[in-house]
Amino acid sequence: MTRIRRLSYIAMAAALSFTAAACTSQGPSNDAQNQTETQDVVAGGEITIAATSPITDWNPISANGDTTGQRQQQWPLYPHPFLTLPDTSVVINEALLEKADVVETDPMTVEYVLQDGVQWSDGTPIGVDDFVYTQAVQDPSKCAECLAAFTEGYSDITSIEASEDGKTITMVYSEPFSEWRALFNYILPAHVAEGYGDLATSFNEGFSKNVPEFSGGPYIIQDYTDGISMTMVPNPNWYGEGPNLETITTRYITGQGEQLTALQSGEVQLVYATPTVDTMDQARQLPNMTINTGSTLTYYHLGMKTTGDVMSDPALRSAIATALDLGDMRERTIGQFAPDVPQMKSSVYVPGQQIGGQEAYRDNMTDLGIGAGDVEGAIGILEDAGYTITDEQLIQPDGTPLRDLSFLTLGTDVLRMEVAQIAQQQLLALGITINIDAADGARYSPALREGDFDLMATGTALDLGPLSMQQWYGTDAPRSFGYSNPEADALLEAAASELDPAAQIELMNELDRVLLGDGVVLPLFGTPMMAVYPNTYGNIFINPSKYGTTMNVEEWGLLAEPGTS
Amino acid sequence: MAWMILRRMLSAVGVLLLASIVIFVVIAVSGDPLADLRDRQPPVPPSVIQAEEQRLGLDLPLHERYLNWVGGLFQGDLGPSTIATRDIGAELTDRIGVTLRLVVVAVVIALILALIAGTVSGLRQRRFPDLVLTPMTFVMLALPSFWMAVLFKQWGIYFNEQVGASVFATVGANSVPPPQGFVPFLLDSAAHLVLPTLVLILVHFAAWSRYQRTAIAESLAGDHVRFAVLKGLSRGRVVRSYVVRPALVPIITVVALDLPVLLSGAVITETVFQWRGMGGFLLESINLRDGNAVLAWLLIAAFAVVVFNLIADLLYAIVDPRVRYGN
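Chains as they are written, first to last, in UniProt numbering: chain A, 1 to 565; chain B, 1 to 327.
Extracted from the complex, chain B is given alone in its bound form:
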């Protein structure tokens, strides 16, 4: 197991290095980070442009800039931002916290619901409640997430208008200024969390529950299940140990692939509800052509991919004995 983890980590470093080179080159050739500064009216003095070029290392050859960036990484320096006052590391830390706050609750709820709904649907195919759940999840899958987010936002505002109170907040993670006291703060946070969390839950619940349903259906058709039934095991045990457990492997894979994306920023939900998370960080950095900030985001995203794939590998070994024995 330890060797497997080490192997994974080493290959992840290679992937990360390659990805950073590609992203670095793509950003470097995609536009001038000082374009806005050069475009000012009245024009900014040439000495200022020159000073900014030096600060960002734009006067150096591309490979030298990349090596400087990699060298800085080992000293904990993520490189200068196109915004002189921006501390990329500090901002990323804040943003990760915001995204985690938004995503963790949504993922847990979505996963539990998806497992339950997918399993029930799979076990009771073309019967109630599958007849309700299946069309419902297809509708959710068909709805673009940005549209769903906007719709929920409008619903929230409409609800507030009807009850004459701000039950649902639609902007940011907290009110400004945030309420004093633990309980009021908690309630305020909840008011801001409900709508974006609902959007994320529904979007992921829909996809994950379909995977789970399919996995259950496949599992049900397996010879091992027939064998367990013929052996006279109880229905509960057959379902628990011979149907659901092997059916967890595909959903682990899917969730392990989705989670890094989510942690890298639920871009649409964050944008619509104005949460200042990882997704917003990436969009802003691209707009600013802030290469070092994009690279820092990439590092986090790549790290998340590696970690969640590793966790998925470990979970495979837990739910599927063949993986353990194979090793």
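Okay, chain A solo, but in the shape it has when bound:
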């Protein structure tokens, strides 16, 4: 061996060992937990959050601005009447309101009582004008050109008035609207809107295109560099407690893997994302980190078409629902990285969900024998309906073999793909062949809406209670794929206008049993989320709402006693 060759080998060996050292974990792995208790933190410090997408529309209630990432990033800038706690309960935002209640039911009248001294960052009081403006831009009868994301409920408000001292704001609704707490989730400043022009111009142009120089929340934007970062500092006229951190910077980094690498290198301090097996492993290898995991009000579920040549047969749907082992699906998917996220046995509430301080979630599946993986039971249902299984092929009552069933799923979503593959495997026992239709984003949604499937995997956000269910399962609803049941329609309508939480919970659970009985929905599990951050920080929680983790941003801070996280 020549000297040169020897030198090359030594150089290669050194490079390989350096690579191995760089790629090897440096400390003990972290355990994931669901931290929800408030901890003692100190004032001062800063944090950089990794976010996937920059702000493309600065109006959080416009159609283009109302997206997950933008809602979360802009939450600290606005006043909000209600907050969702990590346990899913919805509580009044005591920084803004003394109280908010339905004071009359016919017509439905809601009273908001503002705290003393609530104001925008420029010192203008937060008041009735802001509520009036926020309602008007989301009411098509007042502003047809306003490109609002959501108009339901707002169009039912017939009047908004303030008491003489301006503290009490009274709203009258033309129809009872049970989800009134979900309205005014971002209150826009009327005095800023005035400077932008009329209703449509201010809403579509002024608030959408301009980086906010105002704030009604704990933080205000100090600097925004498009696509690079957003820096927020405390709002000098914030009227609530805190905030603790002196600077919150959002850094735009695409890809979870890149975000975790940035966390490792210290360039960001918080990654908040939907985990996968790989990213959870990556997070566990980072030393001195807290990993919070939990689930949200958005849940994964299967669905079956209830119309068409074969799926219109309730016996077939019932057999499929009975044969599928949904617990096994959870175990083999999110069970690998988020074992604490339970299997859902309701399609209308997530486990532990509170409505009006009452436990709303019920197991409506077990009694119906759904999702238990009972192949014998499923075969019995099929045989009773005239089906037979011959040569591992399901034969229909008319003697013809059942055609292959199409399972529509989103090809880019690993979880949905895995769920489809497990379903494919499980239904082989019934002689049913599943063809997985892994659609891309462009084709998936239209195919779903057009009912171009037999089975499907999707997700539903339950933030709006009955309205969330109505969009799928109401007759001719916006996302309807052909399902129609007058009983479900009646229950949806009743629940949407039921103001008593206990009665609404009963109606929703009844609706759940109807939907499960029809086999139109087979719930799986809540969407898991993880928050990974250095263990010197506290009070960063998994927030189950669609508004994300910044909901309690004023409580975030450096731990008074590091290491207690």
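Just to be clear, a hint being listed does not mean it is correct.
To be verified - Partial selection, computed: residues in chain B whose CB lies under 10 Å from chain A:
id, residue
1, D32
2, R40
3, G89
4, E91
5, T93
6, K153
7, G156
8, E161
9, F168
10, K231
11, V272
12, N287
Hints are computed from structural coordinates only; laboratory data are not their basis.
For glycine and all other residues, C-beta sits at the position ideal for the given N, C-alpha and C.
Following the hints, put chain B in place on chain A, whose structure we already have.
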């Protein structure tokens, strides 16, 4: 020469027009740009969808949309983006600047190193340093660039951990907020530039040095070189004028083909190191099904191809007298 440039420009316009039609049609049929909006939970009011369709011209026939886009180009309007607040032209300008910052240094260094290494390897085939350079470049060629980028990133982090300071930055082109003062800013920029530049240098050095080595080897075997040696010219002059100079033609071609690709976005390097350049612009625009943004990117890319091919033609004439005399 002027006629050649004019001819090239005219043919480039034709190519560009054809490419824009193909891309326009492909994007138009590849998916609904409003799919995300239609998929919202709770559903967005139908009036909003209708307004967006009108704003993007989706309610018009395909040919009319294309003609509107071409018409807009002459007025400096690159068309509406699927993101209402996005100014395609302004964003592209920023992105080109970022990509240039990343690419220019890397290209210059890679080219110089490749020319030196390829020439030395070609002149000293199967002897030192060719015995070291050849396996080294093959290893670099064999490494996927994304893997190399990720590896360098990990090395950077590991190095930082070992020295207890952020010597190498791994995210973006600058820290947030960027440091105040010229020198701190320069050092911060350098800290962000080192790793992605190294990746780009190594990836291109490997390929270009192999081309140069082959060209030198071929040149060495040429009759003109034997003739120059027989004429008794000095070794230095033979190498400079009879070996290296003719061997520059292939590398000019290769670099001229690679540069537009690089300027259109070093997609992988930009993605791994989170540089907001042309490559990221293209990926984001495709994800958003933002047809006008993709077309604008295509215009820049096509322009770069035309310009660099033109430069290559001019350089041929400089390094190879036959081209000049032929014309």
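Evaluated hints:
no.	hint	result
1	D32	holds, 6 Å
2	R40	holds, 7 Å
3	G89	violated, 14 Å
4	E91	holds, 8 Å
5	T93	violated, 12 Å
6	K153	holds, 6 Å
7	G156	holds, 7 Å
8	E161	holds, 7 Å
9	F168	holds, 9 Å
10	K231	violated, 35 Å
11	V272	holds, 7 Å
12	N287	holds, 8 Å
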